[in-house]
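Student: Listed below, chain by chain, are the residues.
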Amino acid sequence: MIALFGIATTFEGCKPKGAGSAVSAGAAEKTYVAPGQYDEFYNFVSGGFSGQLSVYGLPSGRLLRVIPVFSLDPEKGWGFSEETKPMLETSHGTVPWDDLHHVQLSKTDGDYDGRWVFVNGNNTPRIARIDLTTFRTAEILELPNSGGNHSSPYITENTEYVVAGTRFSVPMDGDDSDTPINTYKKNFKGTLSFVSVNKDNGHMDIAFQIETPGVNFDLSRAGKGVSHGWFFFSTYNTELASTLLEVNASKNDKDFVLAVNWKKAEEYLKAGKGKKVSNVKYAHNIYDETSHTSTSTIKNEVIVLNSAELEGLCYFIPCPKSPHGVDVDPTGEYIVSSGKLAALIPVFSFSKIQKAIESKSFEGEFAGIPVIKYEAALHGEVEKPGLGPLHTEFDGKGNAITSFFVSSELVKWNIKDLKILDRVPTFYSVGHLMIPGGDTKNPDAKYVVAYNKITKDRFLPTGPELAHSAQIYDITGDKMQLILDFPTIGEPHYAQAIRAEKVKDKSVKIFKLEENKHPYFTNGESAAKVERNGNKVHVYVTTIRSHFTPDNIEGIQMGDEVYFHVTNIEQDWDMPHGFAIKGANNGELLIMPGETQTLKWVPDRIGIFPMYCTDFCSALHQEMSGYVRVSPKGSNVPITFSVGTNQPTDTQ
Amino acid sequence: MKAYHPIKSIHRIILLICGIALLAVIFLPIWRIELDAAQYPEGLELHIYSYKLDGQVEIINGLNHYIGMKTLHADDFVEFTVLPYIIGIYALAFIVAGLMARRKWIYILLAAFLVFGIVAIVDFWFWEYDYGHNLSDDAPIKVPGMAYQPPLIGYKQLLNFGTYSIPDIGGWIVITCGLLLCYCVYREWQFSTNKI
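If you're matching them up, the sequences are chains A and B in order. Numbered by my numbering, the letters in the first sequence go through residues 1 to 652 in order. Numbered by my numbering, the letters in the second sequence go through residues 1 to 196 in order.
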């Protein structure tokens, strides 16, 4: 018995040390941002199934903001105020949630320009644009003929296009889409949407869609530098399975990377080779920061180019075992695709791909699209890198860092000689990774951040549901060094980081009252009023420290729909006011200085309803409240409203 | 014997430059009141011109309502109507004194300029006193015995606000002109006592 125990303890000693010892000395100094000091980078991190976009500071890992995008956010009134409701409209009606996976900062000349962030909605295919002067969602565009918008919203080097692709191929929209699922191979199609971005105001429009065979598009990247004009998409399920994909889509030894010549697509489009399709329906939602309102427009037309019919538009490149990430190095010459079930990483060469196309080094066709010979496109393979390679970012010094989900590590390797240089564990099962500027022409390679899928014991336990986590590694030396862990919101997928200087000075502090074009804007307290229009009552309210005008309102009746149009007439930085009223089947409003927002309230009973400011605004915040009286329908109580004058009459 | 005593050329030049500088003062901020509080690390500023109030007047008015201070409006001050003319007249007086170059005139100019300075400071003090003491009975914050008169010049803590009252560029020009005029008068006086 004792001998057995001895053997057990001896074996225990052989086990590698735990994660705790992985932290290097000096980690605290590298991540410490003193109180009142600013971080070096804004890190825009996808919120996954939260549907939102979070903003962290690097290297401190401090949460700076959660920007509501696809999901309701009662904290900020997003989707609750009348002004923001249209932003969540789709062709399916209101969809108050989505699954936000990927983040793309807008680019000029292949580097981040700090204007916008684009994000994708995976579930109900959408792309959103966030304005970096307000850190608010400015636009959401739905995508027709699509399911599972995963390989999105990757962008070209001058933000010419933001792309979307179908992770879940579906029949094209319209009457013929009611088809048996087991006719997948014949009837299900993939589409790649190229969404143009207006250089001045960022407005998005579907320039064209490319119809493809029904493979699953996983991720994508634009070419840059030498490969500008091309786009690369990873695919899986080239087996075209529609059930038990876990098994049925894992059969082929090689799936594909799809290379798309989008300059060629533009030529075909100009030449009128596109097919106008008008049996589609998709929403285009725009928020206007001058009128402080948004509009949702349903569109019914899209131009489709056929990948099999238009020569020179698309080429498949074989890639081992269900590739996930497809990433392009800073020069644009090397394309790294990671077969997530493969034991190697193939690196393709753009110039070799071009030569292969010229010399027609094809091994055949797949659904009418030429398949380039694997060896003809290959620069080389990284051998035995780890298990489950997913994504690759670049340090701009000739090296790449790849994330490995199964072996839970980051591996640094050299692009030219494909030799492995370093590896570090992640805690646990890293998905995406990010180097600031890691997908640009000029990476700012100070840190790499791992965004993990499993958290387990990294933080204090919080029941069965745990925050996901991220880890920051210092990569300025030869060895990657873990310097910080931080929890994240939702599930972090891709993220990007930009130098604070490129964004911070453009940040809006207040909205100017004189520029407020809201149709229910209240220009000062003297303009506050209550207007009845049938059963609709419009209340024009102003807020300023520390009162509402008006704050005594009578004459509301059962059956009325009451709209509180609240204008915050403060013109001082960081002085929002909130607005809430008892019993509203709705959220609150949070109104920035100079802004107007509207809360709809349908009273459900007679009585007196307190309203109050929800954002502690001043020393007299608790006094910032008022009353609304609701009378029975047909009551003779007239509409009255006032502030400070409706003094008590029962003086006894 | 001359009918008057001419002044030195250097003093004429000084007077002419001062005259032109005083004209510029009409368009420059003369005084500034800076406010600091925990909630305003970036500070709040009130700039007083000869003809207007500038800076974060609305924000300061908003804050002052807590202590029942009257709101600041340029229209409430007759000073903003007459001050540009008064400064203009003094500017012309400097220029005329420089052109005419008579010793007696600069003595008179100095006396008049001192009167202007004293009247302006007294007026400013009364203005500050009025705003600091005549508070509304409805003020949400009432601190017994507390008045909110900003300092004439220098620093004073008023509840949570540190208040600095200091000349702005226009004020410094006026002060410099006064000092230069004193210098001219002193030198001329020296010459006159030496000669006679």
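For the record, the hints were derived by calculation from the structure and aren't laboratory data. For every residue, glycine included, the Cβ atom is placed at its ideal position computed from N, Cα and C. You may find that some hints are simply not true.
[Said to hold, decoys possible] Quick list of the computed label-pair ranges, beta carbon to beta carbon:
(1) B:Gln157 - A:Lys456: 48 to 56 Å
(2) B:His133 - A:Thr295: 51 to 59 Å
(3) A:Gly607 - B:Glu42: 28 to 36 Å
[Claimed, not checked] Quick list of in silico lysine-lysine cross-link-like pairs, DSSO-like style, CA-CA up to 30 Å:
(4) A:Lys509 - B:Lys70
(5) A:Lys254 - A:Lys185
(6) A:Lys275 - A:Lys186
(7) A:Lys512 - B:Lys70
(8) A:Lys199 - A:Lys529
(9) A:Lys512 - B:Lys52
(10) A:Lys355 - A:Lys479
(11) B:Lys104 - A:Lys509
(12) A:Lys30 - A:Lys441
(13) A:Lys355 - A:Lys419
(14) A:Lys275 - A:Lys321
(15) A:Lys199 - A:Lys270
(16) A:Lys517 - B:Lys156
(17) A:Lys502 - A:Lys479
(18) A:Lys254 - A:Lys419
(19) A:Lys529 - B:Lys156
(20) A:Lys419 - A:Lys397
(21) A:Lys419 - A:Lys384
Student: If a hint holds in the structure, say so; if it does not, say that too.
Tutor: We went through each hint and held it up to the structure:
1. B:Gln157 - A:Lys456: 48 to 56 Å: holds (53 Å)
2. B:His133 - A:Thr295: 51 to 59 Å: With a Cβ separation near 54 Å, His133 (chain B) and Thr295 (chain A) satisfy 51 to 59 Å, so the hint holds.
3. A:Gly607 - B:Glu42: 28 to 36 Å: violated (45 Å)
4. A:Lys509 - B:Lys70: holds (27 Å)
5. A:Lys254 - A:Lys185: Distance of about 18 Å is within 30 Å: holds.
6. A:Lys275 - A:Lys186: holds (20 Å)
7. A:Lys512 - B:Lys70: It holds: about 25 Å lies between the C-alpha atoms, which stays within 30 Å.
8. A:Lys199 - A:Lys529: violated (41 Å)
9. A:Lys512 - B:Lys52: holds (22 Å)
10. A:Lys355 - A:Lys479: Judged against 30 Å, a Cα distance of about 37 Å means the pair is violated.
11. B:Lys104 - A:Lys509: Violated: Lys104 (chain B) and Lys509 (chain A) sit about 58 Å apart, past 30 Å.
12. A:Lys30 - A:Lys441: holds (26 Å)
13. A:Lys355 - A:Lys419: Measuring from Cα to Cα gives roughly 25 Å; hence the hint holds.
14. A:Lys275 - A:Lys321: violated (34 Å)
15. A:Lys199 - A:Lys270: Within the cut-off at roughly 20 Å; holds.
16. A:Lys517 - B:Lys156: Roughly 42 Å between the alpha carbons, so the hint for Lys517 (chain A) and Lys156 (chain B) is violated.
17. A:Lys502 - A:Lys479: The given pair, whose Cα atoms are some 29 Å apart, holds under the 30 Å limit.
18. A:Lys254 - A:Lys419: holds (23 Å)
19. A:Lys529 - B:Lys156: With Cα atoms ~42 Å apart, Lys529 (chain A) and Lys156 (chain B) exceed 30 Å; violated.
20. A:Lys419 - A:Lys397: Status holds; Cα separation ~14 Å.
21. A:Lys419 - A:Lys384: holds (10 Å)
Hint violations for this structure: numbers 3, 8, 10, 11, 14, 16 and 19, all remaining hints satisfied.
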